[in-house]
Structure formats: structure tokens, C-alpha cells
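Work out the full structure: start from the sequences and follow the hints.
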Amino acid sequence: MLTARPQNPAVPLDPVMDLATACEWLRTDVGAMAELGVAADLMRSAMARIETMCKQPIFARDYFAFGEGFGLQADLPSLNVLSVTKIEYRLMGSADWVTLDASSYDWTETGELTFYPLAQMITGVSRIRVSYRAGYEPTSVPADIVQAIRLLIGRWYDIRSDEKKEVPSHAEWLIKDYVLPIL
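The sequence shown: position 18 = 20 (our numbering), numbered continuously.
In case anyone wonders, no lab produced these hints; they're calculated from the structure. As the structure is a prediction and not an experimental result, all values here were calculated from the model. Be a bit skeptical, because a hint or two may be false.
To be verified - The calculated lysine to any residue pairs, modelled on SDA-like cross-linking and capped at a C-alpha distance of 20 Å, are:
(1) Lys57 with Ala6
(2) Lys88 with Tyr107
(3) Lys57 with Ser171
(4) Lys57 with Asn82
(5) Lys57 with Pro8
(6) Lys57 with Lys178
(7) Lys178 with Gln149
(8) Lys57 with Arg135
(9) Lys88 with Val100
(10) Lys178 with Asp146
(11) Lys57 with Gln149
(12) Lys88 with Thr112
(13) Lys178 with Ala62
(14) Lys57 with Pro144
(15) Lys57 with Leu4
(16) Lys178 with Arg157
(17) Lys57 with Leu15
(18) Lys178 with Ala145
(19) Lys88 with Asp77
(20) Lys57 with Tyr138
(21) Lys57 with Pro183
(22) Lys57 with Pro11
(23) Lys88 with Arg63
(24) Lys57 with Asp146
(25) Lys88 with Glu114
(26) Lys88 with Asp103
(27) Lys88 with Phe68
(28) Lys57 with Leu182
(29) Lys88 with Gly71
(30) Lys57 with Pro79
(31) Lys178 with Ser47
(32) Lys88 with Thr116
(33) Lys178 with Ser142
As the list claims (entries may be wrong) - The following label-pair restraints were derived from C-beta to C-beta distances:
(34) Leu93 with Asp31: 51 to 61 Å
(35) Ser128 with Gly33: 54 to 64 Å
(36) Asp108 with Thr54: 22 to 32 Å
(37) Ser105 with Ser171: 40 to 50 Å
Every residue gets a Cβ at the ideal spot worked out from N, C-alpha and C, and that includes glycine.
Now the structure itself:
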């Protein structure tokens with residue numbers, strides 16, 4: 003499997019529900035600016051927590067994946083790849099990235115990359131970089147993930163201090179099918 007990181011980690015995730023809906027879920031005053039800020043922070047934290055628990059991109063954004071060279075196949079760390087925009091490689095001793103022709107590879111929505119013989123014949127490759135988009139767009143996030151976000155923000159809002167004992171939540175149970183198995 004290739005290793006991945008967001009292309010722009012400082013760019014926040016697009017929220018999967020509007021703040022008014024989040025405030026309704028928390029039973030707080032939608033008009034109170036302080037409560038809107040709390041709801042926004044809780045939503046961002048819940049989304050980040052869900053991605054951490056699932057070990058893969060759940061909410062759409064652009065990523066780079068890195069590997070050592072072209073084998074027959076490689077796996078992107080995502081089960082919901084939306085697009086592969088380009089694959090680049092570096093030759094040993096060079097700092098320049100060279101774009102691999104799109105006819106030299108294929109990809110699937112489950113993150114499988116297949117490199118055709120043309121790519122495999124390139125010698126001296128020290129590093130590859132895959133630019134791709136993965137995760138669910140805000141309007142297509144599965145209902146169980148949205149419910150897990152609601153459960154997390156509700157739990158965190160109700161218990162605003164540290165919990166004495168961490169117990170598995172219903173949110174973890176809801177997203178268990180989205181956890182990327184690490185082999």
C-alpha cells in the first residue's frame with residue numbers, strides 16, 4: 003500500500019451538515035454565535051475522529067500517495083477513490099517529477115492501481131507520487147456516517163470535560179464497515 007497525505011492539510015473539510023442542523027441536534031440556540039462556533043468545532047473534530055478511526059479518507063479532499071516504484075499493482079489507502087488526476091515519478095539522482103502517461107496505468111474506485119508494462123519498463127525510478135481525490139462529497143456521505151457525527155458531537159457537547167473512562171460509542175459501531183483493514 004502507498005502512504006498518503008492530504009495535498010493541503012490546512013484546508014478544513016467541508017462540513018457534512020449545516021450549523022443550524024448541528025445546533026438543532028445539540029438543542030442549542032441557533033442564533034447564538036458562541037454556540038455556532040462550538041457546533042462548528044465539534045463537527046470538524048468529529049469528522050477528523052471518524053477518519054482516524056476508519057484509517058482512510060471519508061470526507062472528500064485531494065491527496066498525494068507516495069511509493070518506491072512501479073510494480074504490477076499498488077493500493078491507495080482508500081476504499082472510495084473519486085479520481086486519479088496524475089501519477090509522477092522521480093528517477094534516481096533527479097529532483098524533478100516526470101508525469102506518467104495516463105495510458106500507462108488504470109485505477110478503480112476501491113483504490114487499486116494497475117501499472118501496464120510501459121510503466122514497469124521505466125528503470126531507475128526512486129519514488130512515485132499519485133495525485134488523487136478520495137472520500138465522499140458532502141452531499142453523498144452515507145447516512146450512518148452522518149449519524150456517527152451527530153452522536154459524537156452530542157456526546158462531546160454533553161460531556162464537555164474529559165471522561166474518566168473511555169468506552170466504545172455507538173458512533174464507532176456505526177462506522178465499523180468503513181474501517182480500512184491494515185494487512
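Do the hints match the structure? See the list:
| no. | hint | in the structure |
| --- | --- | --- |
| 1 | Lys57 with Ala6 | holds (11 Å) |
| 2 | Lys88 with Tyr107 | holds (10 Å) |
| 3 | Lys57 with Ser171 | holds (17 Å) |
| 4 | Lys57 with Asn82 | holds (12 Å) |
| 5 | Lys57 with Pro8 | holds (13 Å) |
| 6 | Lys57 with Lys178 | holds (11 Å) |
| 7 | Lys178 with Gln149 | holds (13 Å) |
| 8 | Lys57 with Arg135 | holds (16 Å) |
| 9 | Lys88 with Val100 | holds (10 Å) |
| 10 | Lys178 with Asp146 | holds (10 Å) |
| 11 | Lys57 with Gln149 | holds (19 Å) |
| 12 | Lys88 with Thr112 | holds (17 Å) |
| 13 | Lys178 with Ala62 | holds (19 Å) |
| 14 | Lys57 with Pro144 | holds (17 Å) |
| 15 | Lys57 with Leu4 | holds (13 Å) |
| 16 | Lys178 with Arg157 | holds (18 Å) |
| 17 | Lys57 with Leu15 | holds (16 Å) |
| 18 | Lys178 with Ala145 | holds (14 Å) |
| 19 | Lys88 with Asp77 | holds (15 Å) |
| 20 | Lys57 with Tyr138 | holds (14 Å) |
| 21 | Lys57 with Pro183 | holds (8 Å) |
| 22 | Lys57 with Pro11 | holds (16 Å) |
| 23 | Lys88 with Arg63 | holds (15 Å) |
| 24 | Lys57 with Asp146 | holds (17 Å) |
| 25 | Lys88 with Glu114 | holds (14 Å) |
| 26 | Lys88 with Asp103 | holds (8 Å) |
| 27 | Lys88 with Phe68 | holds (12 Å) |
| 28 | Lys57 with Leu182 | holds (6 Å) |
| 29 | Lys88 with Gly71 | holds (15 Å) |
| 30 | Lys57 with Pro79 | holds (8 Å) |
| 31 | Lys178 with Ser47 | holds (18 Å) |
| 32 | Lys88 with Thr116 | holds (13 Å) |
| 33 | Lys178 with Ser142 | holds (18 Å) |
| 34 | Leu93 with Asp31: 51 to 61 Å | holds (60 Å) |
| 35 | Ser128 with Gly33: 54 to 64 Å | holds (57 Å) |
| 36 | Asp108 with Thr54: 22 to 32 Å | holds (30 Å) |
| 37 | Ser105 with Ser171: 40 to 50 Å | holds (47 Å) |
In summary, the structure agrees with every hint in the numbered list given earlier.
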